[in-house]
Every structure is written in structure tokens, then in C-alpha cells.
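Colleague: Here are the chains, one letter per residue:
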Amino acid sequence: MANIKLQGLRHSYADNPKNDEDWALKKIDLEWEDGGAYALLGPSGCGKTTLLNIISGLLQPSHGSVKFDDSEVNQISTDKRDIAQIFQFPVVYDTMSVYDNLAFPLRNLELAETEVHDRVTEIAQLVELTSMLTSRASGLTAGDKQKISLGRGLVRTKVNAILFDEPLTVIDPHLKWQLRSKLKKLHQLLNRTMIYVTHDQVEALTFADKVVVMNFGEVLQIGTPVELFEKPKNTFVGHFIGSPGMNILPCSLDSSNVKLGKYTIETANQVSQNHKGKNLEIGVRPEFIQFSDDGLPVSIVKVCNVGHTQIVETSFEGHKIKLIIDEDIVLPSNNVHLSFNKNKTYLYANSWLV
Amino acid sequence: MNKTTNQKAWIFLAPVLILVAFNAFIPLITVINYSVQETFGNNEFFWEGLTWFENILHSERFHNSLIRQLTFTFTILLIEIPLGVAIALAMPTKKGIWLSICLVTMSLPLLIPWNVVGSMWNIFSLPEIGLLGKLLNSLGFDYNYTRQTGDAWFTLILMDVWHWTSLVVLLSYAGLIAIPDAYYQAAKIDGASAWSVFRYIQLPKMKRVLTIAILLRFMDSFNIYTEPFVLTGGGPGNSTTLLSIDLVKLALGQFDLGPAAAMSLIYFLIILLTCWIFYTLMMRNEED
Amino acid sequence: MKNTKWLLPTIYILFLLLPIYWLVSMSFKSTNEILGSFTLWPQNFTLENYITIFTDSTWYMGYFNSLSYVCINTILSVAVALPAAYAFSRFNFMGDKHLFFWLLTNRMAPAAVFALPFFQLYSSIGFFDTYIAVALAHTLFNIPLSVWILEGFMSGVPKQLDETAYIDGYSFWRFFIKIFIPTILAGIGVALFFAFMFSWVELLLAKTLTAVHAKPIAALMTKTASSSGYELGLLAAAGSLTIIPGAVVVYFVRNYIAKGFALGRV
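The listed protein sequences correspond, in order, to chains A, B and C.
Quick note on my numbering: the first sequence kicks off at 1 and runs consecutively.
Quick note on my numbering: the second sequence kicks off at 1001 and runs consecutively.
Quick note on my numbering: the third sequence kicks off at 2001 and runs consecutively.
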């Protein structure tokens, strides 16, 4: 168990990186606390897998250092870092039985067979593989194979962190649900650092205590799911999280107010003249918009009924604004206006919260 | 894949069937015909039944050829398969100039007409004027493959290794690069040794290509004719007369059509049976 | 430990190149030099062997003959194998597995078994000593191989492609030619490569079925070796030239060799 620090991490896959696009990781400074349940969330290609592979040692970073409990591990090989990593598609040793698969890491450490036996039965029980221990690993379903991968990751007693790289991608939906809750329980039981990489916000938000949102090789925000939802520090975070995501609207600044077209919008954060000249945007979640008698005039484009609520898509001067309202609210037919909850409306300059 | 049941498939197969049947059935019937009859020329045939088959199966000449052939085939399998796999494991994995050089040079021996292979080694191994011959003799070995049986066998096997190991290398290599990175990464995480990686990941995943390699090498070496014929002519004496060479001598040399035909059928049957048994064994394992 | 990995392939490649070097160097020596003394490289470099080959029609026609029947055979084998492979890949039909196995058994057959029967068969239909005879004879071995390779590649193409095309209104042949074949071009390339390879290198049947008009270079060489007392220089030159077509083909497919040897089945 260890505290993991990433300092000044930069990585490029190219031999001679020239411009920004060549860097898979632009600058990462992160600390993963011992025993935490983290999700690393971001769209495909944002650098999540690269980051994971640097932590486990499968990849050497171009710059920067990786520290476990404050000592640098860059030069230490993967198997000595005591990291478990579970990959996107199940990796099992086909010629071995399930038992031997789970025992494999322990046997490589040359532990006594009695110890191996104890540990394997314990872990098999944890991941619900006890009934299959003697079966050959090759003939099993994808879900069972991932359980074997998971078991192999947990079987070593000294594990600094367990890294998951989108492990439920190939699993059937109903099994996904089961495994997801199992992983959460496992974390509570084992109290080890777990870093769960995904591009699915639902997985991230249900599994993790803290979520790290990444895009384009940078960390945009770290926070609890609530923090990310309520106060996204970056327009990408706002838009990526939530279903539908935050409305992002281009706006402008006059002497003291934020203006959307010619309408003044009140925001939760302070506005100052320093922000003039930057790319300005307003962010507000659909949950915090309501119909009102006056305010921003819009026209209704379409309505989706989703159970308890309705998602209404409206249009203002060519921009889409979505809002979520209760199912029994009747939509106004003409003279439609919207008002934003000013405590939940934020100004962003160059995509960042001011 | 879900295949549809469609008897019209036979139309798709018609061209293939016509060509192959023409080339296979008619000769086959001819051979069967000869194998059960005797002829003294003048298109006169006399029924002999299974006489030729009995003759061949009891003939010492056939036994000797068969033993030589089996020795040859198993020796080269024992050398070429492990050697080919070892080379494949040592080849560069990244695309680049080195890999291209490797692949191109290794493919060359496979594309040289078989008689040129034989001639090449014939000249190369001549005791006085060939590079190999001269080298071995100057190192103190008394080497002459045209006169000494041991040397003839040595040269024959060396030639075959030179000629065909690349096939095993290329097949094994193809199998190796198909293994996804994730397996190697997981092995690193699990702390596996290089030997474990070979035994539990690489070898199992290469099973398919290795089966193909072993089958092809078995078949082709069992059928080999041209290279040894050009190299040694079957000699010295008949010490390197392998099955095909013996058969051609019998059929086109002595025109003993009956015995030759019977031998042909027995020959074919041996290969068929061995391939079928081996193939079934290997594939059965995979169904598990 | 990892740093010496390159040693094995390097030694192997040197081993492969050595006899080839010897053959080529011998082709630039006169027969006198070869038989007279042992020299590691040509002391009296001469082109006389090559000149003989390029000016004597018996010799250069040999190459032309070989290339002719090889090309005919390659194209014929693959063209005929395409629909057959498609059938094996997409359809279930009575006797399909047995038929497939039977096809493969032809590849297993010793050429020696067919030498005499082919001689009689092709003579009887008047095809003896023609390109078409050798081309047809080689199809016995090349068609099964081509079908096997193509079926492997075709099975990698999902059936949904066919079904979508039919829904979009394509007739079978239009679908096959415009849509299906482009997706398996790699497979066709591999099949062509192997068919070319096998037909180019095979000697026994090529020699048995030809006499003068269609005599391949391979047979010409064996004739020279046994009769006319060992014109080694000439032989070496002839042999060296036969390496060229193979080298050219390999150079063109060098980027696909590794994938190609997987034969679509890995």
C-alpha cells in the first residue's frame, strides 16, 4: 500500500516531438492517496491508458517522476513495483486451470505451495470463482475471464495499487452491473488504492470517491462526483459529466455584466474586466434552468419524455439550450422565456472557471 | 460464421472440381489399374491381383528406402522446427529496415527452383572446388559427399535445413506477431520469467501455425525428389535414395509399372494416414 | 541478455547467403578458373557465361518457357479457387468437409506418383511439351493450396457484408467483384504468391511433361549438368538468373510477408 505521486509527467510516443499534438501527456502533477478509490475519466485518446502504464512501469515517461511513498520508482521494473493491472480485454493463461492462473503471480515469487493454496482459495471466494477452480481457463466466458484477471491482480498480498483499464468493456450489460458493485465492495473490504480508468461517466461516478477528469493529455479537475457536477472547473468537465451535460454558451462582457446577446446574465462567480478579450462562455446545467415569465426568450425545438422528467431542447439565437423539468409541468406555447439559477451559473474564460 | 445451407454451392466448385478431378482421378485410376495388372508391352494386360502389393511390402529395397526416408524426415523435423521457432523468437518485432532485411533474405531460399538448390549445394560442397568442401577438408575433416555415405547424409540434411527452415521461421513469426501486447504486459505484471512467457503465452498461441509448419514439412520432406536427386543422384550407391527417387527409378527408369504403381499407392497412403492422424490430434486439443 | 538476441538471426542470414554467394561468384568465373584453382572471389572476372545465356536461344527460351507456364498456372489456380473458397466459407452443403479434406490430400501427394500417369495422360490428349500441360499439371497442387489460403481470408470477412449488399440490390456477381474481392485483396496476393512460388520451383513434373518447345530453364540446367562435361560456370550463371524472379517478387511483397504467412488463419 502506498501513496503515489506523479510529478511533472510529460510523455510523447514520437521520437522527436515538435508540437502539442505529439505529446500524449502534456503536464501531469497528481497525488493518489493511499487506499483511495479513484476514477480516471476522459474520452478515448485523452491519455488515460498512457498514464496508467507509466504508473505500473510498462511505459517509461519522457519526463517527470513517479514516486511511491516519496521514493522515486522510475528505474524500478514493473514486477518489483507491486502493482496489479487489469486490462480491457481478459488476459488468461489458456493452458492453465483457473487455480493455476490465480496461483501464477505467487509462484513467480516462489512462495510455498501451502501459502499459495491459502491465498488462491481466499481470492477465489472473493471474486466468486471457487466452483471453477479446476476448470481450464480457456473455455470460460468473457465475464469469468475478467474475474480471473481480477483475481490475479488481487492475489498478491503486497500490492501498492490496483489499476483497472476499462475492464468492463467486453462484459455483458447485466454482468457489468454486478461486477461494478463487486469492485466497489472489494475496495471497501481491501482498502487498497484503486485507480479505475473509463470513458463512461456512470462507471466513474458510481465507483469512485474521487474522480480525475482528463482530456488532451491534461488533468482538468479532481474532485468528488458532487464537486464535479456542481462546480466544473472546465467547460469540458461540465459538458462531459451529466446527462445531458452542461449547456455552454458563448457570451460577452460589457462594463460590468455578462451578456448573452443583449440579455444580462447573473453568474455565481465574480466578473472583472480582466476577462475581456478572452474566449468567454456561460455554463449552466439543464437541472438549474426553468421556464419563467421573462428572461431569455427562446423557442422550443423538441421535448423528450424520460420517466419522471422532461428534457426540453430550446434554441436561442442559433444556440441550443437544454433544460430538465418535472414531467407534469406544462410547456408554455408562446412567449417562452428561460431563467437561470444564478448560483449555478458560471463564467468561463478560455474554457476555465474564472 | 453462420453458413447458409445451399446445395448450389456445387456450381461454385465446378471449375475446381473439373480441374482437380481431371488431374487426380484419371491418373489415380491409371495407377490403380497398373497396380493390379502385369504387362509385357503390346498393350496386353494380365490380372495380378494383389501380387504387386505383396511384392513391394515384402521387398527389402522398399523397406530400405522407407527407412532412409523416415530417418531423413524425422531428422529434419527435429532440427528445423525448434531452429525455426528460435529464430522467429529472436527476430526484430518492430517494423523497420532490419525486419525487412530479415524477411527478404529469409524468403530467398524458398523461391529458388529446386534443381538450382540441388546444383548450388552440389557445387558448394565439392571437396576441391566448393567453398564448404574446401573449408571442411582444410579443417582436417576427410569430407567427400560423392564417395562417403556419412558425408552425403550430412550434406543432404544441411541443404534441407538451408532450404526450408525459413518456412518454419516465417510461419512462426506470423503467429508470434499476432499475439496482442496485453498478454506480454500482463506477464510483466505477474512477474513471469522469459521461459514462462514462452511456455504459457507464446507457444500455446503459436499452436496453429506450428501445426501447419509441421504438417507441411512432414509432407514435403516425405515427398522430396529434386534436390537430393540433383545433389547426390541417390548415391553414393543408393545410400541417399529416398522414396520418391526410388519410385521414379522404378517407374520411369525401369518401367516396372506394376510394382511402381503399387508402391505409389502405398506411399500415398502412408502420408495420408500420418497427416490425418496428426491433424486430428492437434485439432482435437484445440476444441477443448 | 536481450542485446545478443540479434546474433541468431544474423548467423542464420549469413548461412543463407553463403551458398548463394558461391553460386554467383562462380558464375563470373570461367570454367577453367573454377576447375583449375580455388579462389574466394573471381580473379579473372568474366561475363562470358552470361553472354552465352543471353545469346543462345536454347538458354534464354528456357526462362521464357518457365515464366510462361508459371504465370498461366498462377492466374488459373487463383481464379478458379476464388468461387470455390467462397462456397466453402459461406455455405453448408452435402459433403463439404470431406470435399475440403480431399482437396488438401492432393497437395499431400508425392509428385513422383504422378510423373508417369501425367506423362501418359497429357501425351494422349496431345498436350505433351506445351505450356498448358505443365500449367494444368501444377494446378493439382496449387488449387488446393489457393482454396485453403483464400478460405482462411474469406472467413475473416463477416457475412453481414454480403447480406448488406444484397439488401442494397447488388446482384451476386456485382457484389463479388466490386465489394468482396477488394476486401480480400491481401488474401489474393498471398495466394498468388504461393502459387507462383510453387510452380516456379517445381522440377519433376515440369521436366517430365516437356521435351523441347516448352522446356523450362530448370530442366535445361539438369541436362547440361549430366551431359557435356560440367560447364560449371555456365550452370552457375543459369542458376543465378533463376534467383532473380523470386527476389523481385519477394521485394514487392516484403511488407505483407509476415501477415501473408499467417495465411489469414492466425
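Each hint should be verified, as a subset may be incorrect.
What the hints assert, rightly or not - Derived CB-CB ranges, DEER-like:
#1 Glu72/A <-> Tyr2251/C: 53 to 59 Å
#2 Trp1098/B <-> Asp20/A: 56 to 62 Å
#3 Gly1049/B <-> Leu2067/C: 56 to 62 Å
#4 Ala142/A <-> Tyr1279/B: 43 to 49 Å
#5 Lys18/A <-> Tyr1279/B: 33 to 39 Å
#6 Ser44/A <-> Asn2255/C: 48 to 54 Å
Claimed, not checked - In silico lysine-lysine, DSS-like type, Cα no more than 25 Å apart, as pairs:
#7 Lys2005/C <-> Lys1094/B
#8 Lys2005/C <-> Lys1003/B
#9 Lys1094/B <-> Lys67/A
#10 Lys1205/B <-> Lys2005/C
#11 Lys233/A <-> Lys322/A
#12 Lys2159/C <-> Lys2178/C
#13 Lys2005/C <-> Lys1095/B
#14 Lys1188/B <-> Lys2005/C
#15 Lys322/A <-> Lys302/A
#16 Lys2097/C <-> Lys1008/B
#17 Lys1188/B <-> Lys158/A
#18 Lys18/A <-> Lys1008/B
#19 Lys344/A <-> Lys322/A
#20 Lys2207/C <-> Lys1008/B
#21 Lys344/A <-> Lys262/A
#22 Lys2207/C <-> Lys1249/B
#23 Lys2178/C <-> Lys1003/B
#24 Lys176/A <-> Lys276/A
#25 Lys67/A <-> Lys182/A
#26 Lys2097/C <-> Lys1207/B
#27 Lys322/A <-> Lys231/A
#28 Lys2005/C <-> Lys2097/C
These are calculated hints, taken from the structure and not from any lab test.
All residues carry an ideal CB built from backbone N, CA and C; glycine is no exception.
Colleague: Straight-line Cα separation of Lys2097/C and Lys1207/B no greater than 25 Å?
Modeller: The given pair, whose Cα atoms are some 22 Å apart, holds under the 25 Å limit.
Colleague: Against the 25 Å threshold, does the CA-CA distance of Lys67/A and Lys182/A hold or violate the hint?
Modeller: This hinted pair is violated, its Cα atoms lying about 29 Å apart.
Colleague: Verify the proposed pairing of Lys2159/C with Lys2178/C, using a straight-line Cα cut of 25 Å.
Modeller: Satisfied, since the Cα-Cα distance of roughly 16 Å is no more than 25 Å.
Colleague: That 33 to 39 Å hint for Lys18/A and Tyr1279/B (C-beta), does it hold up?
Modeller: Taking Cβ atoms as reference, Lys18/A and Tyr1279/B lie about 54 Å apart, which means the hint is violated.
Colleague: Given the hint that Lys176/A pairs with Lys276/A, does the C-alpha gap stay at or below 25 Å?
Modeller: violated, 47 Å
Colleague: Starting from Lys2005/C, check that the Cα of Lys1094/B is at most 25 Å away, please.
Modeller: holds, 14 Å
Colleague: For Lys2178/C and Lys1003/B, compute the direct alpha-carbon distance and say whether it is at most 25 Å.
Modeller: holds, 22 Å
Colleague: Can you let me know if the beta-carbon spacing of Ser44/A and Asn2255/C is within 48 to 54 Å?
Modeller: violated, 28 Å
Colleague: Given the hint that Lys2207/C pairs with Lys1008/B, test it: the Cα-Cα distance must not exceed 25 Å.
Modeller: Given that 25 Å is the threshold and the Cα spacing comes to 39 Å, the pair is violated.
Colleague: For the range 56 to 62 Å, tell me whether the beta carbons of Gly1049/B and Leu2067/C fit it or not.
Modeller: violated, 47 Å
Colleague: Regarding Trp1098/B and Asp20/A, is the given constraint of 56 to 62 Å on their beta-carbon distance met?
Modeller: violated, 32 Å
Colleague: Starting from Lys1094/B, check that the Cα of Lys67/A is at most 25 Å away, please.
Modeller: It is violated: about 31 Å lies between the C-alpha atoms, which goes past 25 Å.
In summary, the structure is inconsistent with hints 1, 2, 3, 4, 5, 6, 8, 9, 18, 20, 24, 25, 28 from the numbered list given earlier, while agreeing with the others.
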